[in-house]
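Residue numbers (my numbering), protein chains in the order written: chain A, 1 to 163; chain B, 1 to 89; chain C, 1 to 109.
These aren't lab readings, by the way, just hints derived from the structure by calculation. Model, not experiment: these values are computed from the prediction. We put the CB at the ideal spot given by N, CA and C, even for glycine. Hints should not be assumed to be uniformly reliable.
Claimed, not checked - Per the computed footprint, the stretches of chain C lying under chain B, defined by three or more beta-carbons under 8 angstroms from a beta-carbon of chain B, are: (1) 52 to 62; (2) 71 to 81.
What the hints assert, rightly or not - Okay, the calculated beta carbon distance ranges per label pair: (3) C/Leu72 - A/Pro9: 43 to 53 angstroms; (4) A/Pro9 - C/Arg95: 19 to 29 angstroms; (5) C/Met1 - A/Asp141: 24 to 34 angstroms; (6) B/Arg56 - A/Asp140: 34 to 44 angstroms; (7) C/Arg27 - A/Ala35: 15 to 25 angstroms; (8) B/Arg84 - A/Asp141: 29 to 39 angstroms; (9) A/Trp70 - B/Val25: 21 to 31 angstroms; (10) C/Arg27 - A/Glu148: 23 to 33 angstroms; (11) B/Gly14 - A/Leu43: 44 to 54 angstroms.
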Amino acid sequence: MTRRWLPHPVTSCVLLVAWLLLNRSVDAGHVLLGALLAVVIPLAVRRFFQRPVRLRRPRAAVRLALVVLWDIVLANVSVARLVLGPSARLRPAFVEVALDVEHPVAVALLASIVTMTPGTVSCDPSRDRRRILVHALDVDDPDRLAREIKSRYERPLLEIFAC
Amino acid sequence: MLAFAITVSFGAVGLALLLAAWRLVRGPDLPDRILALDTLYISAVALIVLAGIAWRTQVYFEAALLIALMGFVGTVALALYVARGDVMH
Amino acid sequence: MLLEIAVSFFLLVGAFFTLVGAIGLARLPDFYMRLHGPTKATTLGVGGTLTASMIYFTAIEGTSLHELLITLFLFVTAPVSANLLARAALRLRLRSRAPLPEASSAGRD
């Protein structure tokens with residue numbers, strides 16, 4: 001019953017909170033309308049979720065989120081240094097990273113994380129989702145960059161999306 | 001001090017808008033111009049939020065939110081158009 | 001006083017990174033490198049400005065968290081636009097200082 005009417009509880013919670021934030025109020029009316037939307041919208045877009053997302057290990061997820069937040073700040077400081085310094089010395093490179101995660105949501109998350117963190121923009125997950133192409137602004141050792149991405153971001157994702 | 005910080009921020013964000021506009025005019029390729037537009041609208045969001053703080057009003061919040069939403073949709077549509085020649089598929 | 005310091009700090013940090021992103025966009029030599037500035041620095045910069053607004057209005061008007069919506073939206077969408085733009089650039093095979101990967105793996109979807 002719950003499964004049928006509330007297939008994505010996390011999405012529903014996010015929708016309700018977003019609705020309340022938008023209206024800047026927690027009146028009964030807004031909570032009711034928000035709850036209605038939180039039930040109806042996930043049902044309406046049900047067909048876009050191809051594979052169910054099951055989150056294991058919420059603590060690992062929180063830890064990953066904190067690591068990523070901190071790395072975003074570090075990445076920005078390093079980008080600022082690279083951008084303001086002499087650009088002739090930069091050594092940009094394309095690096096291919098072979099993936100172990102399979103879940104499409106996990107691949108998308110990994111690509112987004114890599115885009116926002118140290119010196120990298122992820123370009124193109126290959127069609128079979130086994131590799132992502134990463135562009136880095138300044139690398140001395142492409143293999144180390146790939147290893148770092150795998151150990152720092154992919155391993156926690158593997159744990160969280162154990163399926 | 002706050003007034004000073006707001007003035008400096010206005011200057012920095014205004015300069016950011018000018019630089020993005022320069023890249024928009026300069027190009028040289030289509031993706032550069034799309035990226036410049038993307039930067040322009042994100043900086044515009046910052047400018048609107050700054051104006052909100054400077055004038056102590058929250059009425060511009062919805063404008064900032066809408067620019068963020070529409071800007072993203074615009075960037076995605078343009079990038080998809082360049083990448084594969086159509087937007088819907 | 002503490003409020004002014006916090007708001008000014010986030011404002012200045014935000015404006016600085018917004019500017020850094022735009023400078024990167026203006027002066028880096030090829031498209032793939034230019035992509036780094038706006039996606040990372042400008043996003044964090046606007047995030048800083050929004051945090052300043054959040055603190056400021058919470059202090060003078062009571063809880064004001066709706067700026068969080070814009071911040072989260074920008075952080076979620078920045079990688080998506082960056083990815084699509086990079087894909088478009090690879091499809092057009094824009095010149096790049098880093099050697100481009102072979103056509104077989106690039107620009108297809």
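**OP:** Against the structure, test the hints numbered earlier, and report the numbers of the ones violated in rising order.
**Re:** Hints 3, 4, 5, 6, 7, 9 are the ones this structure does not satisfy, whereas the remaining hints hold.
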